[in-house]
Structures are given as structure tokens and as C-alpha cells.
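Novice: These are the residues of each chain, in order.
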Amino acid sequence: MSARVWLLIYAAALLAATLVHDPYWLGGTLLVAVIASGRDRWRLVRRTVCAVVMFNGVVSLGYALVAGLRGEFSPAYLLLINLRVLLMVYLGFWFVSRVNLLQALAFSPTLSFLATLACGQGLALKRMVDDYQQAFRSRNLEPPDMRTRLRHAATQGADLLDKALHGATETTQAMRSRGFFDDPA
Amino acid sequence: MHIPDGFISPQTYLPAYAVAGCAWVYAAQRVRQALGDETVPRLAVLTALVYALSLVMLPLPGGTSAHVLGVGLLALLFGVWTAFLAYSLVLALQALLFGAGGLTALPINALAMGLAGAAAAVGVYRLLAPRHETAAVALAAWGSVTVAALLIALVLGVQPLIASAPDGTPRFFPFGLAITLPAVVLPHLLLGVAEAALTVLVWRYAKTRGWLARSGDSPHAPHAPAAQSVPNEERQG
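Going down the list, the protein sequences come from chains Z and C. Under the numbering used here, the first residue of the first sequence is numbered 1, with each subsequent residue one higher. Under the numbering used here, the first residue of the second sequence is numbered 1001, with each subsequent residue one higher.
Bound conformation, chain Z alone:
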């Protein structure tokens, strides 16, 4: 199946997961998805649990506390919401691990090009932020004060803007020189 079909199936599965309110169906589907995802399953399960544990933990504990005090606690709700979130996040990681998004967007050359450029530039800027943060840590043996941290964050922001704007001009010029904007007619 093509990447685009997988994208549509993934979107339909997400919609279905929000239309079903039976924990057994959601749990069963999650089990089927885990089994069907093959050798990657435990890595995906670990990623999923790590991704949801914080937000779901806070919501679940908060619900247990508030609903318990009001006498409205429903274990079925806790099961439903946690299974639904686990299923949707698991499907997301599975989709990401199996499908090349850029191929899925190939139906629109502009969208595909936009995504490719954004990913490439995003990785370059991310490396820059990592370098900044490592340099900052290595130059501060003691925890720096608020003012220093704010100035460091502002310097990163300013440099990111600088690099991004120059990157945009450079990319436009490169595209123009290769005839990207020329009328195909």
C-alpha cells in the first residue's frame, strides 16, 4: 500500500477511536495493533507509555481525587480515557515508524517540498540550539542566575532568527537559480 493510503487509514483510525466509547473495543484494538506491529512492538510500547505517562497520570490522578470527593468516581472512565489515549498515541508512533511522511505528501509537490525544506532546516536549527545549550552548561560550573539564563535564551532566539532569515534568502536564491519559479509553460 502506498504511503498516502496509510496516512488516510491512520486518520480514519484516529477518528474511529474517538467515536468508540467502549473500553473493551479500544483495548482489543490496541492489542491487535501491538501484535500487528511486529518486532518493533516493545520499542513502540515503551515510547507510547513514556509519551503519555505525564499528562495521563496528572489527569487520571486529578480525576480520581476530584470525582472521589464528589462521590462520582468511575473506574470505567479512567480505563476508557487511558486506553483511548494509549491507542491513539501508539497508532501515531506506529505510523511514524512505518511510513515516510514525505512520500505520503507526494500528491502535492508544494506540500512535499515545504515539509522537506522545513525538516532539513529544523534539524540544522536544532543542532544549533543543542550546541548553544551544551556550551552554556560547560561554561557555568555553578547554576546561573535568572538574568544570565534569560540573556542566554534571548541570544539563542536572536541567533535562530538570524540564521533562519538568511537561510530563507539563501534557499530562495538557490531555488530561483535552478528554475523552480519558472513558468513550466
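Since the hints were derived computationally from the structure, they do not count as laboratory data. Hints may contain errors.
Stretches of chain Z that chain C covers, calculated by requiring three or more beta carbons in the stretch to come under 8 Å of a beta carbon on chain C [claimed, not checked]:
1) 22-34
2) 42-55
3) 58-64
4) 68-79
5) 118-128
6) 149-156
7) 165-172
In silico BS3-like cross-links for lysine-lysine, where the CA-CA straight-line distance does not exceed 27 Å [claimed, not checked]:
8) Z/K126 with C/K1207
9) Z/K126 with Z/K163
10) C/K1207 with Z/K163
Taking beta-carbon pairs under 10 Å as the criterion, some of the chain C residues facing chain Z (in silico) [unchecked claim]:
11) P1004
12) D1005
13) G1006
14) Y1013
15) L1014
16) G1036
17) T1039
18) L1055
19) L1073
20) G1168
21) L1189
22) L1190
23) V1200
24) V1202
25) A1206
C-beta: ideal position from N, C-alpha, C; glycine also.
Fit chain C to the supplied structure of chain Z, relying on the hints for placement.
Specialist: For chain C alone, coordinates are given in the frame of chain Z:
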């Protein structure tokens, strides 16, 4: 501040997709008019910039930190529609490439943070800039964070009202407005102060670099032609 997948009902995200879809089409037309040939590369780089800004840590009292939202800064520098498109793209790419966030929450996150946050920033800036520019920038950034948090809290808080079982048990996010408003908005009032301080510092730097009049969609140069998007120092030399 992002809402993850699974907590928003289809009664909310399906209409939100319709609204966001119209806004994306309109924004794409506006940005294309303003930037011309540069639309794709500029938008791609600004999307990367939004992603990178979200990796910068905002210092908070007590040695803690939070991620920068950055939408106020983007809206002030590049305009509401450019900021909205870049923010939406980064949310979509994060969901589809890294599995972060989610497709069902995407239109709500995009409308709240990308559009309402950006519009609040530019609105506050336009209102206050004639009196005191630095205060206008700071309040614009603070306003963008606060408005986005307020909308997210409202959307989460109405879930029990619009998507509950017949016996009243919630099916999606369980807490009403009495809990979501203080829980989401109050911490963001403080985060907004840190974001405002950061935005002012970057803004000053942007001014010295001559960026403010560069974007056709920005609040400073609403009708600037696309050709002006070459950096000042490059045009000079």
C-alpha cells in the same frame, strides 16, 4: 500547553478542522500575496524556526524552566497569517514525523496558539506601540501566551458539557471550566512574563538588524513588497 490526542471529542475537533481549514486557505493566499516566490522557502524556514524556538528554555524562578512558545515574536516580526501557517505546519510535522501532539488536537492547538495567540500579539502591539514600544512588545508577547492558554482551557473545560455519557460520566477530558481555567491560565500568566522578557530582548536585536520592515505581512510593513525581504546588509553590499 499543547492538547494531546484522545482528550478532545469529535464534536469539537471536526468543526475546529472546518474553521482551521478555511483559515489555512485564507492564510496561504495572504502569505502568497505578500511573499510571492519566497512563500515556500520562507514558510519552510519559519516553520523550522518555530520548532527550534520551542527547544529554547525559558528561565523561571527557582531554577526551573519551560519551553518558549514564540508565537508572539513571530507574529510581531512576520505577521499573523505567516505565524499561523508556520505554527500549524510545525504542529502537523511534529504529529506526523515524531508522533508528538496529535492530529485530532491539531486544529485546536493551531487556532488557539497559532491564530488567536498571534492575533492577540499584533492587536495589543498596534494598540500600545504609539505610546511605548517596549511595553507594547512585552504586553503583546504576554497577551499571546495568555489568550492561547485561555482558549485551550475553554476548549478542555467544555468537553464534559458536550461529550458525556447519558449518566453524566465524561467521555473525553473530565474537568469543567471551574478547574481548567485556573489550572491552565494561572501558570501561563507567569510563563507569559518570562516570554515577554525574552521577546523584548530578541525584538531589540531584531530592530538593530533591520528585520522589522522586512515582511509584507508584518504589523510594521503591511504592504511591503516581497523584494524587500533580502536582508539589509546584503542589499547594501
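Novice: Mind listing which of the numbered hints don't hold for this structure, in increasing order?
Specialist: 1, 21, 22
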